Amino acid sequence: GAGVSQSPSNKVTEKGKDVELRCDPISGHTALYWYRQRLGQGLEFLIYFQGNSAPDKSGLPSDRFSAERTGESVSTLTIQRTQQEDSAVYLCASSRPAGGEQFFGPGTRLTVL
Amino acid sequence: AQTVTQSQPEMSVQEAETVTLSCTYDTSENNYYLFWYKQPPSRQMILVIRQEAYKQQNATENRFSVNFQKAAKSFSLKISDSQLGDTAMYFCALTHGANSKLTFGKGITLSVRP
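Keeping their order, the protein sequence lines are chains A and B.
In terms of our numbering, the first sequence opens at residue 1 and continues consecutively.
In terms of our numbering, the second sequence opens at residue 114 and continues consecutively.
It is worth saying that the hints were derived from the structure and are not from the lab.
Here the structure is a predicted model, which means the values were calculated and not measured.
In this text, a Cβ means the ideal position worked out from N, Cα and C, and glycines have one as well.
It is possible that some hints are incorrect.
Okay, the calculated beta carbon distance ranges per label pair [what the hints assert, rightly or not]:
| hint | chain 1 | residue 1 | chain 2 | residue 2 | range |
| --- | --- | --- | --- | --- | --- |
| 1 | B | Gln121 | A | Ala54 | 36 to 44 Å |
| 2 | B | Thr173 | A | Lys15 | 47 to 55 Å |
| 3 | A | Gly71 | B | Gln182 | 38 to 46 Å |
| 4 | A | Thr13 | B | Ala185 | 44 to 52 Å |
| 5 | A | Gln84 | B | Thr173 | 38 to 46 Å |
| 6 | A | Asp18 | B | Thr131 | 45 to 53 Å |
| 7 | B | Arg176 | A | Gln84 | 39 to 47 Å |
| 8 | B | Glu165 | A | Leu39 | 26 to 34 Å |
Let the sequences and hints guide you as you build the complete structure.
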C-alpha cells in the first residue's frame with residue numbers, strides 16, 4: 001500500500017518496561033510527525049522531523065520519550081520505563097515537502113498495565 | 114501559542130439532514146491552514162477539508178463545506194445530506210505554513226441516526 005504504516009497495531013506492556021513503536025512514512029514525504037491521543041481526547045504533538053534538519057522535540061512530555069529517524073525513512077518512537085499514564089494511541093503522520101496536509105497512519109494502541 | 118477549541122462534545126443528526134460542527138481558534142500568525150479531520154472507530158484519521166487562511170472563499174468538498182470567519186477566528190464544518198458513514202469523531206486542527214505541527218481541538222463525536 002501507499003499509505004503510512006505503523007507497527008505494532010497494539011502493544012501491551014508492564015509498567016517499567018521499554019517499548020519501541022515504528023512508523024513507515026509515505027515514500028517521498030520528507031516531513032514526519034508523532035502525535036499522542038489519549039482516550040476521548042484530541043491529538044497532542046510529540047515530535048517533528050523534516051529531512052536532515054534538527055527535529056522539533058518540543059512536544060515530548062518527558063526525557064523517557066525519544067524518537068529517531070534516518071534520512072527520509074522509518075522512524076521509531078521509544079518510551080523508556082513506561083508508566084500507566086503513557087497508555088494512549090500513538091499516531092504517526094507524514095507530509096510532502098511543500099504540502100500542509102498530513103497523512104496519518106492507523107496508530108499503535110499502547111496499554112501499560 | 115496557538116489553540117483550537119471545540120466546545121461541543123457530541124452531536125446527533127438524522128440521516129439526510131444537515132449538521133454544523135463548531136470550532137474556534139487563536140493564533141498570532143497571519144499565514145496558517147485550518148483542517149477538519151474525521152476519525153471513525155477504525156482510528157484512521159482522514160482529512161475532510163482544508164482552508165488556507167489567505168483565501169476568502171470558503172472551501173467545499175462534495176457534501177462538506179466550511180464557514181471560515183477569519184476576523185472572528187471561527188471555522189465551522191457543515192455536513193449536508195448526512196449519511197450513516199459520517200458517524201465518527203471530528204477534529205478541527207490548525208497549522209502554520211507547510212510542514213508544521215498540527216494543533217488539534219478535543220474533537221466532537223457525531224452520530225448519524227437512521
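| request: Report the numbers of all earlier hints that the structure fails to satisfy, in ascending order. | output: none
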